Amino acid sequence: MAEPLFDPEFLNQLEQLRLHFRHKAAGQSGGGRMSKQLGVSSEFSDFREYRLGDDFRRVDWNAYARFGKLILKLFMEERQMQFHMLIDNSESMQMYGKALMAKRLALTMGYLALSGYDQMSITVLGETSGESFGPVTGKASFLRAAGYLEDIPVSPGTKLYESITRLHFGSGSGICYVFTDGFSDDSLEDALGYLRYYKQKTTLVHILGPQELSPSQEGEVRLLDAETGERREVEISPGLLRAYEEALRDFTAGLREACHRHGFYYERISSGMDLRQAVLEQLIKNK
Amino acid sequence: MVEYYAKLTEGISVTCYLKKGVRVQFQNPYGALAFLLIPAFILLYLLKRRYREEKVPSTFLWRKAASQWEASHPWQKWRKSLLFFLQLLALCALIFAFMQPAFRSPGLGQNSIVVLDVSLSMRAEEDGKSRLAKAKEEVLRLIDQMQPGEEMSLILTGHRNEILVADSSDKGELRGLLQNVSAQYGGSGVFEALQLAKSLEKDEESAAITLFTDKSIEQIPENVRVRNVAKGAPNLAVGAVSYTRNSEDRTLSVLGLIENHAGADTTAVELWRDGELVDIQDVEFKGENRANVIFDGVDPEAQRLMLALSTADALEADNYAYCAVQDHGNYKILLQTERNVFLEKAILLRDDMELYKSTPEEELPFDDYDLIIGDGTATEILPDNKNLWLIAPKAENDWISLFDMEPQGLKTASTALAEMLFQHVDLNSVAFARLQGIEAKDPASHPLVYNGAEPLILASDEGPAKRLAFGFDLHNSNLPMTKDFPILVQNILEWFLPAKGGQTGMATVYEAVPVALGADSVSYSVELPDGRVVQDQTALQFTGTDEPGFYGLSQRDNEGEAVLQTEFAVNVLTGGAAESDLYTAAMTDSAEAQEAQGNFSRLSLLLPFIAILALLLMLVEWVVYHRGT
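In order, the protein sequences belong to chains A and B.
Mapping the first sequence onto this note's numbering, position 54 (from 1) lands on 54, and the numbers just tick up by one.
Mapping the second sequence onto this note's numbering, position 581 (from 1) lands on 581, and the numbers just tick up by one.
Because the hints were derived from the structure by calculation, they are not lab data.
Because the structure is a prediction, the values reported are computed rather than measured.
What you were told as hints is all true, and nothing was included just to trick you.
Example chain B residues on the side facing chain A (calculated, C-beta under 10 Å, incomplete):
hint	residue
1	TYR51
2	GLU54
3	VAL56
4	THR59
5	PHE60
6	LEU61
7	ALA66
8	SER67
9	GLN68
10	HIS73
By construction, the Cβ of each residue, glycine as well, lies at the ideal position given by its N, Cα and C atoms.
Take these sequences, add in the hints, and give me the full structure.
Shown next, in the form of structure tokens:
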């Protein structure tokens, strides 16, 4: 039975992450956005209960008079960011739990975005990438996003550039997370260039399975490519494994350099990693 | 070229000739059946499930890795094939080792003891050379192939076995000794020679005993190789020659025995008298293997007779037989008796006897006589230097004493002399009216016949002359009337006085010829057939009869003057020793088997090297495999 996309444990982890980010941003405007930009806006956004440490000046005294509770008025302190979660759901991603990790990471980042009153959309990349989900706002949209991700089709192949260039971005900038294993039939670097053109601050989340990061096969193996069906006979020896590691390093370095050239972020994550660890230590730590 | 030898006792071996004199021999060719495993090995290798299939997200990284790896380690592509071929080679090496290959190169490969047959039959010529020459050529080859440090002993087996040289590594010495070896005229003692060789072998760590012969050896001792150099050839031989003298005109009749050993059915026989051809006769065998030829009316004065076959054959030496006609001089015998007709007649059966008679009482000078027979004499002092035969002496003398005895049963002594004198004589069938015991005063005398435990007949042959004493009177027995009596008398006379006339005067090669020295003779010389003279011989037997032909015997007195000239002939031994039958002496096995038996070569087992090669291959295979992994 496939592992569920989210379970109570996952939801618990999400909430912990949200609190973590909220704590980090508590000295600024009291909003829950991850953005560094803080300011004051007159546009009313939302209510929430007063917490210790909030700016007392934001207390809605009318609501207090009415309900007897300290409630804060939240305003749009900065412009609403567009978060785009681009998920590679090709055949190659279905192995080693990479697709599950990608979806969870996308949901996590999406949750955080929604918690910060930003917009979030989810697009599945693939040969037949079709409809997207969103953009949506508000935490209430989270479940719908999760439900969407539960039923996304598996793409037989991977053409990231073709998929990404089909996307339409608004005039403004946005934040883009691309969740993929990087095995694309076309140029991922060109896809990054497209994203840069559309002012998408992109983080390439390179997800690889533990078996891809440290292969443990040995002997004479006929490898079957999950997407192309290509067969390759190899005699896996320590020498070949060393060559594989080198190829992996080169591959990773290539993607990293491509991201850096475009001013993007690159993170390589193992699908076997703890989600919280992955988010905190890799996706969020340097931002 | 591959030849197959079928050795019934040793199984089958396969030989591959690499180049002249060098070949690889497989002691266990059946091991080649294991090569049938090779196709199975290849099939298993091909059918072996070599790859397990595994699905991966993408082969992209593996392709890149494999390309980089193969670019930097190009031989890795061939590693799998290399392992396969190494394993295949190791399997082939093991199968090869299982076939027990051995490298044969010329030579015996170890210390050797060569036994060379030099008997008469080795003189036989086949294909233009004698058997001995062929054998010597092969021995010379073995000498040439000796490696430094190897030693060879040479033993000749002829009428006696002789170690020519022992443990010599000097090729020059060996060649020189071998070159001087020539075939003899007698038989050979192959079995004893091999025993002798075996005794030499015990002193050596390992030695190859090789017998070169023309004999078919039935039971070859262990670790002995036999090289039979004979092919077999028809042969005729003069087996024997003798003569008789016609009593009327004293002409000689010469009788020859001709042997046919698969030769022609007829042949011509020549009679040579004193070096001159006097007659030729044709002999027909009529399907038999022997025939007689008689030449009558031969000159009575003939001294030397020789029969020769007119046609040469493979073995020349047995085509001649020699016979020396003995001297016409007769022995003089004095018989002192009252009357003894039977004894007289028995004596006169020999042509070379001149018999003189006297009464026992008469005293005659004994100097003129070769034998004194005292029948009932009473001489007390006997002559020292005269042959004496006393029959029933009436008185004791300085040689014997007398005593009475009752008949108790006669028994002949177990001595050579008794055996010779009483050959074909049965004294127990003789009736004796009275017996008289005699006892010798001379310890050198010895009884020939006992009556009970007491001597009845004595003899002495230690002194300058021979003596014989009968303790019974011939008249008091029926001995003279038995058919044995003349035989007994002839035996006695032959002992006293070896026949000079009427006998053939023949001996066979290497036979010791007894020499009866006359009373005045102190030594003798012998002229050999090749003209050499052997001087100053004193032995009672002459042993230098190494060649067939005529030997002249000259007895000399103490002043060196010749006092008696006689001749005797020596002939080769033909049928009895199977030397003339060149087919019986030859090999009976197939030529190939004999060729295999005789082709000497050192056998170097290759098994250790093959095993080392197999181990090395497996080691290399292990290294290659582990380097790759």
